[in-house]
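So the sequence lines, in the order shown, correspond to chains A and B.
Taken in order, the first sequence gives residues 1 to 384; the numbers are from UniProt numbering.
Taken in order, the second sequence gives residues 1 to 348; the numbers are from UniProt numbering.
The set of hints was computed from the structure by calculation and includes no laboratory data.
Predicted model, so just to flag it, every value in this text is computed and none were measured.
There could be a bad hint or two in this list.
To be verified - Okay, the calculated beta carbon distance ranges per label pair:
hint: 1; chain 1: A; residue 1: A349; chain 2: B; residue 2: V307; range: 55 to 63 Å
hint: 2; chain 1: A; residue 1: R324; chain 2: B; residue 2: L189; range: 32 to 40 Å
hint: 3; chain 1: B; residue 1: K137; chain 2: A; residue 2: A42; range: 49 to 57 Å
What the hints assert, rightly or not - Derived PhoX-like pairs (lysine-lysine); straight-line CA-CA distance at most 25 Å:
hint: 4; chain 1: A; residue 1: K352; chain 2: B; residue 2: K59
hint: 5; chain 1: B; residue 1: K59; chain 2: A; residue 2: K300
hint: 6; chain 1: A; residue 1: K300; chain 2: A; residue 2: K352
hint: 7; chain 1: B; residue 1: K59; chain 2: B; residue 2: K311
The beta carbon of each residue, even a glycine, is placed where N, CA and C say it ideally should be.
In case you want the letters, here they are:
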Amino acid sequence: MSNHTKQSPAPAGPDRITALDTRLISTDKTLASVPKGRTGAARVFLGRDAIMIYALIVFVLYASIAIPRFATPVTVGFLLLDVIPVLLIAMPMTLVIITGEIDLSVASVAGLTSALMGVLWAAGIPIEVVLVVCVLAGVLAGAFNGFLIAVVGLPSLAVTIGTLALYRGLALVVIGDNAIANFPPELTAFFTSKLGGTGIPTMMIPVAVVALFFGVLLHLTPFGRGLYALGFSTEAATFVGIRVARAKFWLYVGTGTVSALAGIFWTLRYSSARSDNATGLELTVIAAVLLGGVSIFGGKGSIPGVIAGVLLIGTINFSLRLERISDVVLIIVTGTLLIASVVTPNVYAAIKAWRQSRRLHNTLPQVPASGATNATASGVPERK
Amino acid sequence: MTIAPTVPHGKSERTDGARSGRLGALLRLRELPVTLALIALVVITTIANPLFLSPQGVKDLLLNATIVMILAVGQALVIITRNVDLSVGSILGLVAFGTGTLFANVPGIPIVVVFVAGMLLGAILGAINGILVTVAKVPALVITLGTLYIYRGINNSWAGGTQYFAGDRPEAFGSLSVDTVFGFPLITLIAVVVIAIVAIYLNGVRAGRDLYAIGSDPDAALLFGIPVSRRVLLAFLFNGVLAGLAGVLYASRFNSVGATTGTGLELAVVAAAVVGGVAISGGSGSVVGAAIGALLLTTITSALTAVRVDKFWQQAIVGMLILSAVIIDRIASVRTARKLRISEARDV
Numbered sequence: 001m002s003n004h005t006k007q008s009p010a011p012a013g014p015d016r017i018t019a020l021d022t023r024l025i026s027t028d029k030t031l032a033s034v035p036k037g038r039t040g041a042a043r044v045f046l047g048r049d050a051i052m053i054y055a056l057i058v059f060v061l062y063a064s065i066a067i068p069r070f071a072t073p074v075t076v077g078f079l080l081l082d083v084i085p086v087l088l089i090a091m092p093m094t095l096v097i098i099t100g101e102i103d104l105s106v107a108s109v110a111g112l113t114s115a116l117m118g119v120l121w122a123a124g125i126p127i128e129v130v131l132v133v134c135v136l137a138g139v140l141a142g143a144f145n146g147f148l149i150a151v152v153g154l155p156s157l158a159v160t161i162g163t164l165a166l167y168r169g170l171a172l173v174v175i176g177d178n179a180i181a182n183f184p185p186e187l188t189a190f191f192t193s194k195l196g197g198t199g200i201p202t203m204m205i206p207v208a209v210v211a212l213f214f215g216v217l218l219h220l221t222p223f224g225r226g227l228y229a230l231g232f233s234t235e236a237a238t239f240v241g242i243r244v245a246r247a248k249f250w251l252y253v254g255t256g257t258v259s260a261l262a263g264i265f266w267t268l269r270y271s272s273a274r275s276d277n278a279t280g281l282e283l284t285v286i287a288a289v290l291l292g293g294v295s296i297f298g299g300k301g302s303i304p305g306v307i308a309g310v311l312l313i314g315t316i317n318f319s320l321r322l323e324r325i326s327d328v329v330l331i332i333v334t335g336t337l338l339i340a341s342v343v344t345p346n347v348y349a350a351i352k353a354w355r356q357s358r359r360l361h362n363t364l365p366q367v368p369a370s371g372a373t374n375a376t377a378s379g380v381p382e383r384k
Numbered sequence: 001m002t003i004a005p006t007v008p009h010g011k012s013e014r015t016d017g018a019r020s021g022r023l024g025a026l027l028r029l030r031e032l033p034v035t036l037a038l039i040a041l042v043v044i045t046t047i048a049n050p051l052f053l054s055p056q057g058v059k060d061l062l063l064n065a066t067i068v069m070i071l072a073v074g075q076a077l078v079i080i081t082r083n084v085d086l087s088v089g090s091i092l093g094l095v096a097f098g099t100g101t102l103f104a105n106v107p108g109i110p111i112v113v114v115f116v117a118g119m120l121l122g123a124i125l126g127a128i129n130g131i132l133v134t135v136a137k138v139p140a141l142v143i144t145l146g147t148l149y150i151y152r153g154i155n156n157s158w159a160g161g162t163q164y165f166a167g168d169r170p171e172a173f174g175s176l177s178v179d180t181v182f183g184f185p186l187i188t189l190i191a192v193v194v195i196a197i198v199a200i201y202l203n204g205v206r207a208g209r210d211l212y213a214i215g216s217d218p219d220a221a222l223l224f225g226i227p228v229s230r231r232v233l234l235a236f237l238f239n240g241v242l243a244g245l246a247g248v249l250y251a252s253r254f255n256s257v258g259a260t261t262g263t264g265l266e267l268a269v270v271a272a273a274v275v276g277g278v279a280i281s282g283g284s285g286s287v288v289g290a291a292i293g294a295l296l297l298t299t300i301t302s303a304l305t306a307v308r309v310d311k312f313w314q315q316a317i318v319g320m321l322i323l324s325a326v327i328i329d330r331i332a333s334v335r336t337a338r339k340l341r342i343s344e345a346r347d348v
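Generate the whole structure from the sequences, applying the supplied hints.
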């Protein structure tokens, strides 16, 4: 390490004070220029979630009018069956990302569950037992992640890249190159069945229950509200009495369990248990969650927004497919949506901050250069 | 490098420097665990199956590792600045397909031109990542996840069902990954030269050292006067160039290039860097370590085949290796923190 290079441009005494002054000024400016938050109805109807939901509604309306075969029960059925795995895993993933962590191993847990299911079923074990064992495997896989991240304190990105490889590897160990397809026909039929003539898959009921569970957990319980605090600042969360390690541990148990459910769904929907089931799904899930308005830094996001995000990606992809645009090209849409959804608010915020600072600059034109700290510090609050 | 004696706040280093000799410095090397693991793996495998280290065996080993090594070196540059680039697999795919297209459509194009064109395309794609990350101030994980999809989609729509095979390319280009010098394949030698250049840049050039400062504490780096955005952009651009180079070499090494070339490579590359001692939280690690990490991960595959372990275990073992690397890193940082606390307490 070359310490001398770091030392050379160190500011001399007076310079440093000026630097400090300008920093104080800018702090005051930002304090004064913090826009007032929206309250009441405006907050609900103009928020990030609401915008996602409007976008979804507008797009569904557009697609129903413009695309001939879109508004049919068949389309609705296949569209929803396609998004169910992403929708399921996105629920606990939202909570994990809100705390500022991430879980990349979800698709591998789904794959492991699928492999386990195939092997156990092929060994002649009753399907009820198989399903219970699979869910337990998901719980264990999640608990292992949670232990390493919450208890040992390792970075979640690195740990879950490791378990992404580990769980997918275990899936290979369990089932190898084989594929098992002879699941009970009544069960696979049930998993693809629709509710009456609406085209909505029966499976949407349990999925809605899962979504409701995580929605209530996040938005209406002290535990869930604490997760936002945790995402903003782990230290502050500790000081207000949130048990950080315990909360994180259970969140990873949550992602593991729900990923196992998604793996079971995947296996029975395609009635095929393979080691490579759901490969790469983790990135789709994370893309959908971020598009749904969850901040990757943590502390921001909501379940309704994420549901809208997942459905929006699913709908756009499906309608483009109906327009005969090749599947493989569609991922451009996912990528662009993802980048646009995170870049746009930043650009908007930057423009707003720039205009704010200009307005502030114009209202305080004759502040002298020296002693500026006092002038702004006392002047700005009065103006308000 | 030595610490200048006039450093005013460098007291804590004094106690360190007094106690640790060369052995201590060696033991603290971040590349040490991965190097030991690699040596142990090679030794055990060779005892079990002497054919493992035959000239052909070594050649295969190096050929398989080369491309991931180059990618891991580029990734290390980005990770050191506390960012990550998930789009490298897609960049590699685009460049590899571009290479195939160039050779097929421009007869007699010089190989050097193709290399330059590939690296240029990689540089552009890497720069797009870098600009989005630094200008829009969005985390690299999100941006490069997005460009992973976009670049792959562009590759898909460009290639469609088209594939270019080795027959479309000049023989001299393919022989880059067949011919050897002293038992080393030519493309591996190219990779070694590249790794050496990047290592020197990162250790000896100011801009390279800045990357570590940025990764350790971006805010402090900014206050210190380091042009953080420009350096981060540069790291992404370099990573793109290296991914481009890897893409051209991929076209030389493998028979076919098409729409799905390089899919899913990104996590293997990040894993190689992490196993090689590059901390995912930025600020520490070296490109040599990342390259050794890549070599270790690819060697495991061959070693398992050589000792006739079920090939299905391979990925699980890779997963366990990544986890051990993360745990080792954690232990090391806890120990460093404790040592610093003790030495600082003594100085007060």
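Each hint, compared with the structure:
no.: 1; hint: A:A349 to B:V307: 55 to 63 Å; verdict: holds, 57 Å
no.: 2; hint: A:R324 to B:L189: 32 to 40 Å; verdict: violated, 48 Å
no.: 3; hint: B:K137 to A:A42: 49 to 57 Å; verdict: violated, 27 Å
no.: 4; hint: A:K352 to B:K59; verdict: violated, 59 Å
no.: 5; hint: B:K59 to A:K300; verdict: violated, 51 Å
no.: 6; hint: A:K300 to A:K352; verdict: holds, 20 Å
no.: 7; hint: B:K59 to B:K311; verdict: holds, 20 Å
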